[in-house]
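K.L.:
Sequence:
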Amino acid sequence: MDDDAAIRRSLERGLRLSGFAVRTAPDGLGALAAVADGPPDVLVLDVSMPGMSGIKVCARLRTDGRDLPVLILSALDETADRIAGLQADGDDYLVKPFALQELVLRLRALLRRQPPAAQEQALRVADLLIDPAARTVRRGGCPLDLTRREFELLKVLARNAGLVPSPVTSCWSGCGATTSTCAAMPSTPPSAICGASWRPTAHHG
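Residue numbering for the sequence shown follows the numbering used here, beginning at 67 and increasing consecutively.
Think of the hints as simulated: they come from the structure by calculation, not from any bench. Everything numeric in this text was worked out from a predicted model, so none of it was measured. Idealized CB from N, CA, C, for every residue including glycine. One or more of the hints may lead you astray.
[Stated by the list, open to error] Quick list of the computed label-pair ranges, beta carbon to beta carbon:
{"hint": "1", "residue 1": "PRO116", "residue 2": "PRO209", "range": "33 to 43 Å"}
{"hint": "2", "residue 1": "GLU78", "residue 2": "GLY117", "range": "18 to 28 Å"}
{"hint": "3", "residue 1": "SER114", "residue 2": "CYS208", "range": "39 to 49 Å"}
{"hint": "4", "residue 1": "PRO163", "residue 2": "GLN187", "range": "41 to 51 Å"}
{"hint": "5", "residue 1": "ASP155", "residue 2": "ARG205", "range": "55 to 65 Å"}
{"hint": "6", "residue 1": "LYS122", "residue 2": "ARG205", "range": "40 to 50 Å"}
{"hint": "7", "residue 1": "ILE149", "residue 2": "ASP193", "range": "48 to 58 Å"}
{"hint": "8", "residue 1": "ASP193", "residue 2": "LEU166", "range": "18 to 28 Å"}
{"hint": "9", "residue 1": "GLY104", "residue 2": "LEU83", "range": "19 to 29 Å"}
{"hint": "10", "residue 1": "VAL88", "residue 2": "ASP193", "range": "29 to 39 Å"}
{"hint": "11", "residue 1": "ALA192", "residue 2": "GLY80", "range": "41 to 51 Å"}
{"hint": "12", "residue 1": "LEU95", "residue 2": "ALA192", "range": "49 to 59 Å"}
{"hint": "13", "residue 1": "ARG79", "residue 2": "PRO181", "range": "29 to 39 Å"}
{"hint": "14", "residue 1": "PHE164", "residue 2": "CYS208", "range": "40 to 50 Å"}
Sequences are here, hints too, so could you generate the full structure?
P.N.:
Shown next as structure tokens:
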């Protein structure tokens, strides 16, 4: 996340070429919104973003209970500046200018520190197969292209057959959305995907 469009484009291109999927934001509020829309595996924040600095964004995320790894970029290289970034619970601090390779290695190091996600069993509903670990959905053997929220909502509905599941809010609660946001239904309604049979069973392999 950087307020300089040229730097954002350069970083995005370099990180994509290094194997990362990348989303960008132009300012602090945009960074918070991007995390709310779907928390990334690792977050890069520039200190000097307009509206809300990278350090304030990091502190806000920690206050909200988000523990995703954060790397802070800054042209400020004084010890006090580094301390401020780390006191905001940033996980790493990299001073500009820097080599892309160093950034990539630091990001990969942060990702290695993350505990492995618990493996969830796949769910089968009629001819629909939902694999939470791989985050894939197939119907009749054909893959379905769903957004993150569509996938999460479908997974909750499959686990709550025949109910009006209050846990449906969990699709968004983890990203700080309000209950009213949950009224926004997926563009591919689950009923159209799954048909009438809602009898989820655990599927191995």
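K.L.:
For which of the previously enumerated hints does the structure constitute a violation, in increasing order of number?
P.N.:
5, 8, 12
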